[in-house]
Amino acid sequence: MFLPHTDSERSEMLKTIGVSSIDDLFQDVPEKVRYPTLNLPPALTEMEVSAQLQQMALANETTQDLACFLGAGAYNHYIPAAVDHILRRNEFYTAYTPYQPEVSQGMLQAIFEYQSLMCALTGMEVSNASHYDGATATAEAGIMAYHTFRGKRTRFVLSPGIHPQYRQVFRTYMSGYENLEIVGDEVEDNPMNYLERLGGLVNSNTALVIVQYPDFFGQIHDFAPLAEKVHQAGGLLCVVVNPIALGLLKPPGEFGADIVVGDGQPLGIPLSFGGPYLGIFTTRKEYVRRIAGRLVGETVDTQGRRGYVLTLTAREQHIRREKATSNICTNQGLMALAATVYLALVGKEGLRQVAELCYHKAHYAAQRIAEIPGYRVLNTQPFFHEFVVQCPKPVAEINEYLLDYGILGGYDLGQDYTALTNHMLIAVTEMNSREEIETLVEYLKEFAHD
Amino acid sequence: MTEPTLFELSSPGRRGVRFPEPDVPKSALPEGFVRKELPLPELTEVDVVRHFVHLSQKNYAVDYGIYPLGSCTMKYNPKINEDMARLPGFALAHPLQPIDTVQGSLALMYELQELLKEITGMGAVSLQPAAGAHGELTGVLIIRAYHKSRGDTKRTKILIPDSAHGTNPASSAMSGYEVVQLPSDKRGNVDLEALKAACDETVAGLMLTNPNTLGLFEENVLEVTRVVHEAGGLVYGDGANLNALLGIARPGDMGFDILHLNLHKTFSTPHGGGGPGSGPVAVIEPLAEFLPGPIVTILEEGSDEVPPLYGFKMPSRSIGRVKAFHGHFGVMVRAYTYIMMHGAEGLRKVAEHAVLNANYLLARLRHVYKVPYDRICKHEFVTEGIWDDAPEIHALDVAKRLIDYDFHPPTNYFPLIVREALMIEPTETESKQTLDKFADAMIKIAEEAHTQPELLKSAPHNTPVGRLDEVKAAKELVLCCWFPERERQPA
Amino acid sequence: MNIPSELKYTTTDEWVRVEGNTAIMGVTDYAQSQLSDIVFFEFHVEIGDEVKKGGVIATLESVKAAADVNAPISGKVVARNETLTEKFELINSDPYGEAWMLKIEISNPQELNSLMDAVAYQKYCEEREH
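Chains as they are written, first to last, in my numbering: chain A, 1 to 450; chain S, 1001 to 1491; chain L, 2001 to 2130.
Fair warning: there could be bad hints in the mix.
[Unchecked claim] For each label pair, taking beta carbons as the anchor points, the in silico distance ranges come out as:
(1) A:GLN303 x S:ALA1390: 23 to 31 Å
(2) S:PRO1286 x A:LYS32: 17 to 25 Å
(3) A:GLY151 x S:ASP1100: 41 to 49 Å
(4) S:PRO1286 x L:GLN2122: 53 to 61 Å
(5) A:PRO392 x S:LYS1148: 41 to 49 Å
(6) S:GLY1032 x A:VAL183: 27 to 35 Å
(7) S:ARG1375 x L:GLN2122: 38 to 46 Å
(8) S:LYS1148 x L:HIS2044: 28 to 36 Å
(9) L:GLU2126 x A:ALA233: 47 to 55 Å
(10) S:ARG1018 x A:HIS85: 16 to 24 Å
(11) S:ASP1100 x A:VAL183: 31 to 39 Å
(12) A:PRO373 x S:LYS1313: 54 to 62 Å
Simulated from the structure, these hints should not be mistaken for lab results.
Note that the Cβ used here is the ideal one computed from N, Cα and C, for glycine as well.
Chain A with its partners taken away, still in its complex shape (with noise of 0.2 Å):
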């Protein structure tokens, strides 16, 4: 299907190769495991495929045929037309890394724009181009705290409201590194209750401190004074964000953060069962070398027009080697892209707007859901678009409840944290509508009643 040689071309290039056939060309392959036999289904058509992809697609239920309060790390938000007409434009989506500056300005300029917007959100002054997804990114942050202190300090602070996801993804990286001492999300009575005990561990041998902002359960903490205590030992603070929240949230540069990272999915990424998504990484300057991953800096060319290129590359892995910063050499480039297209068509009075419609939504369900009986919402710190419920019984019950009625019910806490058994955490995002909300709450009414 794509590939082009006639019998009589590939007849040609075997002469001029000078061998006979292209058995030929694998000589060198020892006999005993040359030629395998794979046992694969036979070749479809493009027709064939098609429709059997589609039966497959259709298997599943998704946001489409569901309302959606599912979140938890993934979000259902709209995405403008034109995102998807961009990241479809050839020039982008099959181009390799801008290893060729001169002939990449189109994605080199691209992410340009992507560093300057995301230190824009998080209030940073340097980002980079982007890592695999936010539980890597915060993981990569680990690795930078490491290395800034030349592993002479050891202990790693990690809130209990930190995804627990990337809390694992957190501890798989730093496997590699002997004696380190992670600490602070030890599953307790008061999972939500946090911030006082995190303060308390923070100690001189402090390397880094991770807090989420909105946390996990949705909470909107204050952690200036947080910071200042990191600071005061000598540490960094890294707060993992949601970058819709910032369009109305202050962003963490503004309060001390030395390291933001977050999942850019929120961004005009779609859902896609869990990726591509997008890690955001941003830094103060005087780290910039620390980063791990891809910089895309401003210069001038030979006849003084602006143009951009990779940059700060002879600290990364193809040169380093074992002496790199991190491994990673990728980036998530068409994710960024995205990002890019749609705070670009959102805007400023855009992305302020999706957020305040997350805002008053999610505090519209709570309050509805806080006045069914049997149910609790524990909220009592400010809170953005999510927000936890005690339920009367197993929230993958009612989950199962909620579906027959064509709704995506919320993530269940209790897998998480056993405090938090029958627990739910609602998400509600501007694709929320208030009939929607509605819906909901009657039918979890119903199902106390039942």
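Mind docking chains S and L on chain A? Use the hints.
This is chains S and L only, laid out in the frame that chain A set:
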């Protein structure tokens, strides 16, 4: 022409997209937490679309022409892949939905795991890693977990040939290992004597790329893997070059214990200007329990009428999660589509033609470009980009001059064991006509290098910008444009 | 290529000037010319640290390469040239003068014997050109 940035194009008051007014009563905003400034640009949809179309026109892409970047496998990306990944049933599913609502996605992941097992001859696959380097880190952590599980704590070293991708040593170092570099022999294979000398009870494993980065098949592969196994080590395969081996030889049959695949190279998913990729990790059966998870499994067997029930399981001694959710599902859909359109015979043809194309180009170029390890290559080959009788010309100049001929340059300066390397990988999707035009240009450039070197030195000539000042970029570090009033000072 | 005759040299391209019990060190002209324009310099040791011969004391970066700078001799760091972290271009323009890196109080003078003199270093550089 210089395209202004989004911030320069911005005009206060413009909007690209509007959202409805809230249909619920408003709540008080959280006092003390509301930001004062949100310095984002303000543009219309037309501004935005034109801006990005202008930018796109400054990019070379595989849909425009041959992209012979060695080690990157820039093959054509079938369009059907894109449509399949965007089917609403796939694109709009939330990763944390109850499993009975996402059986389509889970079936696809399960089947992709099975296909990759069969293609590689391995026992189990995790689709979680996001890219090749991520797969490597995963693989080395599995090596570590394996030795640890046996109480074998003496193993502190990973052996890596000098031709390896730089990510190999970086991944090993991140996993707490000391890196020992192995030399190559005269034919470009791992030096067997050096390998034997290095193999002792402190060796945790070997990271091997086959074909290696010179594009050469490791002729002693069976011996190499045997030696490492005898010393109690594991063999890690860097699957970056798997395109040459589809249906030709399976890593599992050659003694590899762990292998990462690059779905964005071998299985045609687009590179997206630098990502997203996808780097599944395959292991032999005894290592399955260490894979990162959760991975997709069959929870209840099906029958002729009822499909099986798919779900997730965490391998019993997993190294843990390496990524949130389930990996790059959208990339998996594309790779699955590609494999299903090829079947066993089609995949073997892919490898055969990738190798045919590379050898054809090699045959056309070896008289003008010095090839230090000159034998039948696999999917790529490496030449020098310098001549003793054209002293001022470097590989970089050859690369830049190719742009004048409307071609994307090959990989430069890698692998490190060839001086002034030009690493050329045409892939199977290029026609003889394209290969001939590319070879003609390369030959012409070699001639120009001797007769008109200034043409190479000043290239490229017709691009939106010429050669860029990388020293200025690295010294001044202008990485962000959002504060126009901020003084641009070096970081 | 500039190779002052009064200095001693390492195989990793550092120079040493001995003044009494103190060794002043930096990287050679050959090293800076191989790296080309230095765009970054960073110390890995502080005043008061004990360094071992061959241990990493700093990192240098140009746009195409990165290199570690090693201690040519063991001893205690008694001074650091702080201007280098700002004006790293001095390493290109004046490698033996203004771009000195550390002053080290020599703990084992025997180690000086293992260093090359200018003639040997000149030969060593020429060999690597081919």
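Each hint, compared with the structure:
Separation of GLN303 (chain A) from ALA1390 (chain S) is about 26 Å and conforms to the stated range, judged on CB atoms against 23 to 31 Å. PRO1286 (chain S) and LYS32 (chain A) have their C-beta atoms about 22 Å apart, which keeps the hinted 17 to 25 Å range intact. Range check, GLY151 (chain A) to ASP1100 (chain S): about 47 Å between beta-carbon atoms, so the 41 to 49 Å window is met. Remark: the range hint 53 to 61 Å for PRO1286 (chain S) to GLN2122 (chain L) is upheld by a beta-carbon distance near 57 Å.
Range check, PRO392 (chain A) to LYS1148 (chain S): Cβ separation about 45 Å, and the 41 to 49 Å hint holds. Distance hint check for GLY1032 (chain S) and VAL183 (chain A): the Cβ-Cβ separation is about 29 Å, which falls inside the suggested range of 27 to 35 Å. Range check, ARG1375 (chain S) to GLN2122 (chain L): about 39 Å between beta-carbon atoms, so the 38 to 46 Å window is met. In this structure the supplied range 28 to 36 Å holds for LYS1148 (chain S) paired with HIS2044 (chain L), their Cβ-Cβ distance being about 30 Å.
Judged by the Cβ atoms, the range 47 to 55 Å given for GLU2126 (chain L) and ALA233 (chain A) holds: they are separated by roughly 53 Å. Hint check: ARG1018 (chain S) to HIS85 (chain A), Cβ distance near 18 Å, so the stated range 16 to 24 Å holds. Range check, ASP1100 (chain S) to VAL183 (chain A): Cβ separation about 38 Å, and the 31 to 39 Å hint holds. Evaluation of the 54 to 62 Å hint for PRO373 (chain A) and LYS1313 (chain S) yields a failure: the beta carbon distance comes to about 38 Å.
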